[in-house]
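2 protein chains.
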Amino acid sequence: MRILILGGDGYLGWPTAMYLSRRGHEVTVVDNFAKRRWEKELSVLPLLPVPLLGDRVKAWKKATGLTIGKVEADLCDFALVKGVLHDFEPHAIIHYGEQPSAPFSMMDCHRAVVTQTNNITGTLNVLWALREQAPDCHLVKLGTMGEYGTPNIDIEEGFIEIEHNGRRDVLPYPKQPGSFYHLSKVHDSNNILFACRVWKLRSTDLHQGVVYGIETDETRLGPELITSFHYDHIFGTALNRFCAQAAAGIPLTVYGAGKQKRGFLNIRDTLRCVELSVLNPPQAGEYRVFNQFTETFTILELASLVKVQSGKLGLKTEIQHLANPRVEAAEHYYNARHQKLLDLGLKPHLLSEVLIESMLASVRENAHLIRQETILPRVQWGHAARAARAAAGAHESTLLPEPAMLPGRAHPAEG
Amino acid sequence: MRILILGGDGYLGWPTAMYLSRRGHEVTVVDNFAKRRWEKELSVLPLLPVPLLGDRVKAWKKATGLTIGKVEADLCDFALVKGVLHDFEPHAIIHYGEQPSAPFSMMDCHRAVVTQTNNITGTLNVLWALREQAPDCHLVKLGTMGEYGTPNIDIEEGFIEIEHNGRRDVLPYPKQPGSFYHLSKVHDSNNILFACRVWKLRSTDLHQGVVYGIETDETRLGPELITSFHYDHIFGTALNRFCAQAAAGIPLTVYGAGKQKRGFLNIRDTLRCVELSVLNPPQAGEYRVFNQFTETFTILELASLVKVQSGKLGLKTEIQHLANPRVEAAEHYYNARHQKLLDLGLKPHLLSEVLIESMLASVRENAHLIRQETILPRVQWGHAARAARAAAGAHESTLLPEPAMLPGRAHPAEG
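Top line first, the protein sequences correspond to chains L and V. Under this note's numbering, think of the first position of the first sequence as 79, with each following residue one higher. Under this note's numbering, think of the first position of the second sequence as 79, with each following residue one higher.
Everything labelled a hint here was simulated from the structure, so no lab data went into it.
In this list, chains with the same sequence are indistinguishable; a pair is considered to hold if it fits within one copy or across any two.
Derived lysine-lysine pairs resembling BS3-like cross-links, with alpha carbons at most 30 Å apart:
#, residue 1, residue 2
1, K339, K278
2, K278, K337
3, K139, K118
4, K385, K337
5, K278, K418
6, K390, K337
7, K390, K339
8, K339, K425
Work out the full structure, taking the sequences as your base and the hints as a guide.
And the structure:
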């Protein structure tokens, strides 16, 4: 199949490109390198330097003899998007090309607006370009489990049958996203559903959990084929942060009591889920949602796993509870269905002790590169920030001036 | 109270400004005149020329001795929005300042993107500015009943209690908007709900039905105080179109069988609903939705009412059915709650025969100004457009080249 990967220079985009290339697909990556610019702007670079896309593609050719195409294009430029679809005539588009960070979107008004306008405009342009150039092409869009929030009822896959006053209907599942980033994904989902309905496009909206891991069969083929490892407060996720903290010999920082439950999956499963979606396209006019995760953990459970495993490597690790910078339920019901991808044949890689051990070992090798000052949360969601800013005489940004000012930092370590 | 009216130069904004000014409030209007530019760009001017805002404000002063302030500002400029809130210190903001047309948003990719980015950015800027400058100010935001679409269950006011697998929760009502414009309002609603939750802002989201009428007690105070009357295919609504067609002696054009049901309200009731919202603000942190309409009609019922009334004025009128340019259910269940504003004291002006008669008489006086070529629908929602464009060798736009190409135009007149 001819497959376009939007955002193909990113953490998941590049491994997906290699994975599908190796399985015989004709893959072209589209990226405008916005993420690399944001990383520099905010001084939150990945642990190891990530080769430029041109070098990645060359290294891939050298390692496998296979060609991955590349196009530099901003999805916010409709003429470019249309041109790419016209030239490439894809059978499937895998769309990772969005601003991916919740804290980024909560920093200030400018970044909230950039997140939403960038993500929405890119996806609208893709939809209109599909309508014009490739109405039968299958759009595989990366959404997030965070679109649902934490309702007090079971989370279904995209739609729910509701009985109300004696009548019934199957309606889009009500969503309660927790940041302007998560909201942008909900906006996208609503736009895509509509486009499928009125233009008979076909799309799979992958509501993905938190991805962990940096190794795939393809990244292991050479040092220039690695993907990015983010442990910082903007682009990092919890498990990565814990591994970096353990490797650096500093406390694992859990926000609040750590009883927030979330869905997680291994990066290898992301690739397989995307492949399963591509190989089993929906009907024309069909918009479907797959909940894409394999296991549910609380944040404290994750931290405890890392603590135990790092102990086995001889690292002394403690868990420290910080005041939660986000506004989210401290404790909540969480039961989310994730059956459709299993039905298509997904065999999950579960978060075994072995995986954490190998991640820990790999981070530990490069522990000298960890920039500890980028780890602690500095973006505040709610009123705490208003109070802190008022005290500091600062304006506008929700970025606290110093990590040292974190309200929770002096809390006694627990765990 | 000090009240800011965003989009205060518009069809509803200006009558609202006069209404609240006359009731003793300190009113300032903010507008960037984008709507006037779009009207010119698309050659769809209101029936009578609408005086410029500066002249409106002067005429108001002359007629009543009262002052309405005015600020030219684009809501997409955060610094300006923040400055206005800082200078004015409003108790309430009434936010009409958005691109208001569904057909406009469906014309082409550019206008879909403009609609969504303009509306979302403006509202995000207002939310962040409130957070910074006026967290206790009450945001009264104009949404639309079209956010809900036409589900097969009763429509509630913003939220619905769902029982599912033995558990219960009250969740945002699932929405199925029918155009990129309606989607932009859903995106806004989701953003505002979130901002109220994390920043403890307070907001009333008025999910308004289709407004008709051009006369209020204030517009009658002088010819320079009129509001705009749109009967065209971009900014016009059904009842206005029917009145213009009856006055011009051409058939009333109903899309499809005309069995689509919608909620409607008189412009006088819009003003009263906004006033009731302002006088009864929500708690800090509260986001509430009022469904703002007073009656439900099918489109064919509206056309039939106009036909009967125009007959009494000696006009010969027939009803013609066109193929529906929109993708929407031809026939559907529709039962939407609209109790909260009645509970606050709204006394509806119902669509009596008298109202239609007076609207018809007023349009008839200016029938020579009606530009018939702007009336028939030329923006197609769905596949019909693709077929038509393919036949015409055209690209990209959903705007049909000629009204004469309308698929439904040759249909036999019915009704």
